[in-house]
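Asks: Given next are the chains, with one letter for each unit.
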Amino acid sequence: MAGKTVAAISTPMGVGGIGTIRISGEKAIEIADKVFCSASGEKLENIKGYTARYGRIVWNEKTIDDAVALVFRAPHSYTGENVVEITAHGGNFVLKRILRAVLEAGAIPAEAGEFTKRAFLNGKMDLAEAEAVMDIISAGGDRALKAARSTADGAVSREIASIKADLVFAAATVTAFTDFPDEEPTFSGIDKLPEMLSSSKEKLEKLIRNYDSGKVFKEGVRAAIIGSTNVGKSTLMNLLSRADRSIVTSIAGTTRDVIEETVQIGDVKLLLSDTAGMRETGDEVEKIGVERSKKAMENADLIIFVADASRPFTNDEKEIFDSIKDKTAIAVINKTDIADSDLELGIKTVKMSAKQGVGLENLETAILETVGAMELSADAVLLSNERQRNCVFEALREVTSAIDTLSSGYTVDAVGTCIDSALTHLMELTGESVTSEVADEIFRKFCVGK
Amino acid sequence: MTVKRYKAAEYDVAVIGAGHAGIEAALAAARMGTKTVCFTINLDWVGNMPCNPSIGGTAKGHLVREIDALGGEMAIAADKNTLQTRMLNLGKGPAVHSLRAQIDRRAYSGYMKHVMELEENLEVRQAEVTEIEKCENGFKVITAFGASHFCKTVILATGTFLKGRIYVGEVNFESGPDGTLAATKLSSSLQKLGITLRRFKTGTPARVLRSSVDTSELELQPGDEKITPFSYSTDPKTIKNTHDCYISYTNDRTKEVILRNLSRSPLYAGDIEGVGPRYCPSIEDKIVRFADKPRHQLFIEPCGENTEEMYLQGMSSSLPEDVQIEFYKTIKGLENVKITRSAYAIEYDCIDPICLKPSLEFKCCEGLYGAGQFNGSSGYEEAAAQGLVAGVNAARKVKGIEPMILSRSGSYIGTLIDDLVTKGCMDPYRMMTSRSEYRLVLRQDNADERLMHLGRENGLISDEKWQAFLDRTAKKNAEIERLESRFIPPSEELCEMLISKGTAPATTGVRLADLVRRPQLSYKDLAPFDPERPDLSDDVQEKVEVEIKYKGYIDRQLATIAETKRLEGKKLPADINYDEIGGLRLEAVEKLKKVLPESIGQASRISGVSPADISVLLIWLEKNKNA
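First to last, the protein sequences are chains A and B.
Per numbering that gives the first Met the number 0, numbering of the first sequence is gapless, rising by one per residue and ending at 449.
Per numbering that gives the first Met the number 0, numbering of the second sequence is gapless, rising by one per residue and ending at 626.
Note that these hints are calculated values from the structure, not bench results.
Check each hint, because a few of them may be wrong.
According to the in silico footprint, chain A covers these stretches of chain B (three or more CB under 8 Å from chain A) [stated by the list, open to error]:
# : stretch
1 : 83-90
2 : 561-572
Think about it this way: if two alpha-carbon atoms lie no more than 27 Å apart in a straight line, the pair counts; the simulated DSSO-like pairs of lysine-lysine are [unchecked claim]:
#  : chain 1 : residue 1 : chain 2 : residue 2
3  : A       : Lys3      : B       : Lys570
4  : B       : Lys570    : A       : Lys123
5  : A       : Lys61     : A       : Lys326
6  : B       : Lys569    : A       : Lys26
7  : A       : Lys200    : B       : Lys550
8  : B       : Lys622    : A       : Lys123
9  : A       : Lys202    : A       : Lys326
10 : A       : Lys324    : A       : Lys268
11 : A       : Lys200    : B       : Lys91
12 : A       : Lys26     : B       : Lys550
13 : B       : Lys162    : B       : Lys191
14 : B       : Lys569    : B       : Lys622
15 : B       : Lys523    : B       : Lys550
16 : A       : Lys191    : B       : Lys91
17 : B       : Lys564    : A       : Lys123
18 : A       : Lys3      : B       : Lys550
19 : A       : Lys3      : B       : Lys569
20 : A       : Lys347    : A       : Lys202
21 : B       : Lys564    : A       : Lys26
22 : B       : Lys500    : A       : Lys191
23 : B       : Lys34     : B       : Lys3
24 : A       : Lys191    : B       : Lys292
25 : A       : Lys95     : A       : Lys61
26 : B       : Lys523    : B       : Lys474
27 : B       : Lys139    : B       : Lys398
28 : B       : Lys362    : B       : Lys34
29 : B       : Lys3      : B       : Lys151
30 : B       : Lys464    : B       : Lys79
31 : B       : Lys569    : B       : Lys356
32 : B       : Lys398    : B       : Lys6
33 : B       : Lys550    : A       : Lys33
34 : B       : Lys422    : B       : Lys569
35 : A       : Lys3      : B       : Lys622
36 : B       : Lys564    : A       : Lys3
37 : A       : Lys350    : A       : Lys326
38 : B       : Lys569    : A       : Lys123
39 : B       : Lys362    : B       : Lys569
Fair warning: this is a prediction, and the values are worked out from it, not measured in the lab.
Every residue, glycine too, gets a C-beta built ideally from N, C-alpha and C.
Start from the sequences and build out the full structure, keeping to the hints where you can.
Replies: This is how it looks when you write it as structure tokens:
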């Protein structure tokens with residue numbers, strides 16, 4: 000417990016200003032280095048305590064935000080441990096994404112009052128203060144318990160319980176297979192293990208996907224309209240926002256800056272940006288606009304790639320299209336009022352005429368489907384916070400590792416330990432003990448014993 | 000009639016019972032130099048195996064290895080009296096490789112009796128202990144004939160003798176196992192010491208005459224060709240497979256006979272109140288609970304060299320004798336079976352082990368220890384493991400040394416005891432590999448590396464054994480280092496072998512260890528390509544292979560262990576008043592008061608104690624350290 004590195008958003012929640020994520024523990028600096036790229040190229044590992052670096056938060060090759068990282072080296076910090084404070088632009092969305100990255104990089108979410116508790120345990124605080132800390136922790140524990148109990152009847156705990164039951168059964172199957180080798184081979188069902196595990200994996204992935212797209216409902220999807228010049232991006236922007244937000248002319252390169260608008264499609268809030276058409280240009284102003292387009296594209300959750308039905312792909316367009324391959328994207332073949340196109344792009348494609356408003360519904364449906372909105376129907380199960388997501392994420396990681404262990408030809412004992420770890424993470428949500436559950440399951444489900 | 004008491008001898012350690020727990024307890028205490036006595040109701044039944052004539056099996060084999068590493072006797076005794084030996088689970092991974100041996104039960108018993116008789120500081124005495132009284136600096140241990148012994152410490156290892164009662168159908172009577180006398184008086188004396196007793200039950204199948212079993216049509220189960228002993232000090236060449244086992248199955252007729260007579264079972268009639276072991280159900284239980292299973296397997300095992308009796312593993316029952324005869328005869332191979340002893344269930348007094356410390360000393364009674372089935376466990380190996388720990392700790396108490404507490408992360412024995420004293424048990428506790436969260440680290444091959452230093456510290460490991468251990472470990476480490484640093488060149492032969500094993504061919508020089516790490520390859524497969532390989536014994540080769548192949552998984556468990564050690568190291572004082580610690584939840588206070596954990600680590604495993612409660616305890620500890 001005291002050995003793990005923890006992280007939390009330590010400024011009050013709310014939009015605006017700046018916010019700070021604090022990472023504390025032995026591996027704080029190492030973890031920060033995994034998500035933070037300083038502008039100077041220096042690793043935080045190599046800088047002194049009490050110094051800061053400006054840079055970017057990058058996770059899964061995506062830039063999340065610009066940030067400042069401030070390094071404290073043990074014991075000279077609030078908690079007495081290594082601490083990195085990452086200050087970025089405020090607003091839940093950005094801060095939570097950064098925290099997510101930090102957690103995925105190896106930290107665990109901090110408990111209520113945990114930074115203060117650590118400060119005390121490391122001799123950074125006196126006795127009177129300690130009493131106050133115990134109250135905070137105790138209240139935090141009560142809250143956590145209440146939260147757990149309030150979701151006890153809820154969909155989340157039912158879903159978790161169902162995944163847990165599957166994994167307990169998988170663990171019991173492995174154990175029954177190994178602990179009762181004298182039993183008839185037919186009884187064990189060990190050959191069904193890959194199936195059981197991939198079914199659990201899918202369920203866990205769905206929980207995470209739902210959580211992530213659930214956040215999308217609350218916080219909005221960043222969508223960028225991109226494409227070559229004069230393919231009708233701005234017309235599309237105006238159509239989607241039902242306003243004359245972007246200036247539309249037939250002159251290529253009219254939009255020179257990124258124009259933003261919030262658009263509601265179904266239940267999804269789209270933070271839409273219209274960008275400058277991408278092309279090699281000598282115009283200084285347009286050049287800056289193109290740079291900004293690229294950045295908007297990088298930051299977007301969803302790309303709407305617009306092409307012209309009336310002409311073949313240009314080299315510029317091919318290049319743009321290649322650059323969005325790894326992103327979540329929808330292609331719009333525009334100007335069907337002028338020409339028909341049989342372009343096959345291999346991604347979800349909508350043919351429409353933005354000018355005449357034909358095909359708008361199809362585009363809106365495609366957007367909703369793509370952000371997982373269609374799947375996220377009213378009965379979708381949503382995890383309620385980052386802590387729960389973290390437990391599910393770790394469980395998923397272990398289940399995946401169990402599947403890999405199995406398929407690469409390792410023996411079942413190694414697979415069993417991965418399943419155990421997955422269960423441990425899931426049970427952090429419910430506070431039960433893994434080993435006794437598995438033993439109980441064996442006796443319940445299998446007829447074993449001498 | 001009151002028996003006239005007389006003053007008999009004085010001892011440092013008294014052990015009540017000479018079953019598998021009692022033997023290890025008495026031998027350990029005596030070998031550690033304390034004056035020890037071991038009482039048994041019948042000296043001819045020392046180390047008896049009233050149920051299966053075998054030692055080891057999954058997780059249990061690990062326990063036997065660990066007992067050997069700590070300087071116990073069970074492994075050596077089993078090796079010396081083996082009829083057949085098998086390493087189970089080969090192919091399922093090193094964490095679950097488990098050794099099991101069929102044992103000549105009467106020879107084993109005779110061997111153990113003799114070892115005890117020869118032990119310098121140990122007296123073995125046939126007597127029924129009827130009372131234990133607390134007195135200044137120790138206890139008075141009183142026998143049925145009035146002998147009163149002053150003993151500084153006492154270990155209770157009463158097995159199924161304590162108020163034992165045997166059930167066969169409608170018949171039931173006071174008895175110990177295998178026709179011995181029950182210990183009927185001691186229970187009330189223990190209750191006077193403040194100990195709460197409860198009832199557990201267990202059962203055993205019939206024994207049958209070999210000549211009445213037709214084995215010609217049955218599946219044969221022979222021993223392993225390659226023999227692995229339990230003890231690190233046994234030469235494998237001294238063990239021979241001399242007997243076979245056989246497999247048969249129940250059928251529809253067996254089921255029909257049992258279901259028709261179910262009302263005559265004392266369990267279904269409600270005569271037995273004791274809780275039975277879930278993992279060891281009677282055949283009637285299996286047929287009722289798993290009604291859709293068409294058949295149940297049974298093993299027919301030899302009981303010894305000088306007997307024609309055979310044991311029917313998987314067929315325990317408490318049905319009436321006439322029903323037993325009828326259903327056993329429905330089974331293939333047993334059509335003309337002659338029963339020599341009937342199956343029975345036995346009910347006995349035991350404790351909820353939550354009242355014990357991790358040293359196995361009673362929380363309510365200093366100097367008094369419990370071990371084996373008396374503690375709510377089941378199995379010879381589980382009993383012996385606890386006996387050894389109780390014996391060591393009683394001797395350490397007498398010598399004024401801190402108790403030996405085995406950790407969960409260091410051994411199955413530690414896991415077994417921690418489970419018992421932290422969680423208690425609702426039915427007889429059996430060891431299983433799934434009980435350990437560290438099973439890739441707690442393997443049967445490395446019990447010596449995990450525990451032998453503790454055995455050595457207690458004076459239970461001889462110079463010779465210790466030196467052999469040091470040599471073995473040095474060889475293993477050197478070989479691992481060599482494999483990690485040596486590359487072999489690619490060659491046609493190598494690629495051919497790799498492809499034939501279903502793994503990728505090597506195009507450049509390749510590290511030997513990286514090849515061993517491939518799941519498809521074994522250490523032995525690589526011998527032809529590794530001319531510099533030293534000549535190593537089988538057990539060292541096994542260790543080398545496992546440590547390299549499973550390094551990734553082992554390292555992950557070692558990291559978790561390092562985490563938990565921090566919490567295990569934070570000791571909670573014995574006189575802690577949980578009511579006075581603000582911030583603890585009520586449920587947690589109640590649980591903590593009941594278990595009285597010795598460390599934060601133990602506290603964290605109590606159900607009902609939350610992480611927030613643990614934080615509060617950590618802060619309380621820190622605060623009191625400063626105060």
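Asks: A separate judgement is required for each hint: does it hold in the structure or not?
Replies: Results of checking the hints against the structure:
no.	hint	verdict
1	83-90	holds (count 3)
2	561-572	holds (count 4)
3	Lys3/A / Lys570/B	holds (20 Å)
4	Lys570/B / Lys123/A	holds (22 Å)
5	Lys61/A / Lys326/A	holds (10 Å)
6	Lys569/B / Lys26/A	holds (22 Å)
7	Lys200/A / Lys550/B	holds (25 Å)
8	Lys622/B / Lys123/A	holds (12 Å)
9	Lys202/A / Lys326/A	holds (23 Å)
10	Lys324/A / Lys268/A	holds (24 Å)
11	Lys200/A / Lys91/B	holds (23 Å)
12	Lys26/A / Lys550/B	holds (22 Å)
13	Lys162/B / Lys191/B	holds (16 Å)
14	Lys569/B / Lys622/B	holds (13 Å)
15	Lys523/B / Lys550/B	holds (18 Å)
16	Lys191/A / Lys91/B	holds (16 Å)
17	Lys564/B / Lys123/A	holds (23 Å)
18	Lys3/A / Lys550/B	holds (22 Å)
19	Lys3/A / Lys569/B	holds (16 Å)
20	Lys347/A / Lys202/A	holds (25 Å)
21	Lys564/B / Lys26/A	holds (18 Å)
22	Lys500/B / Lys191/A	holds (24 Å)
23	Lys34/B / Lys3/B	holds (26 Å)
24	Lys191/A / Lys292/B	holds (19 Å)
25	Lys95/A / Lys61/A	holds (15 Å)
26	Lys523/B / Lys474/B	holds (17 Å)
27	Lys139/B / Lys398/B	holds (20 Å)
28	Lys362/B / Lys34/B	holds (24 Å)
29	Lys3/B / Lys151/B	holds (23 Å)
30	Lys464/B / Lys79/B	holds (17 Å)
31	Lys569/B / Lys356/B	holds (16 Å)
32	Lys398/B / Lys6/B	holds (24 Å)
33	Lys550/B / Lys33/A	holds (25 Å)
34	Lys422/B / Lys569/B	holds (20 Å)
35	Lys3/A / Lys622/B	holds (22 Å)
36	Lys564/B / Lys3/A	holds (13 Å)
37	Lys350/A / Lys326/A	holds (20 Å)
38	Lys569/B / Lys123/A	holds (19 Å)
39	Lys362/B / Lys569/B	holds (20 Å)
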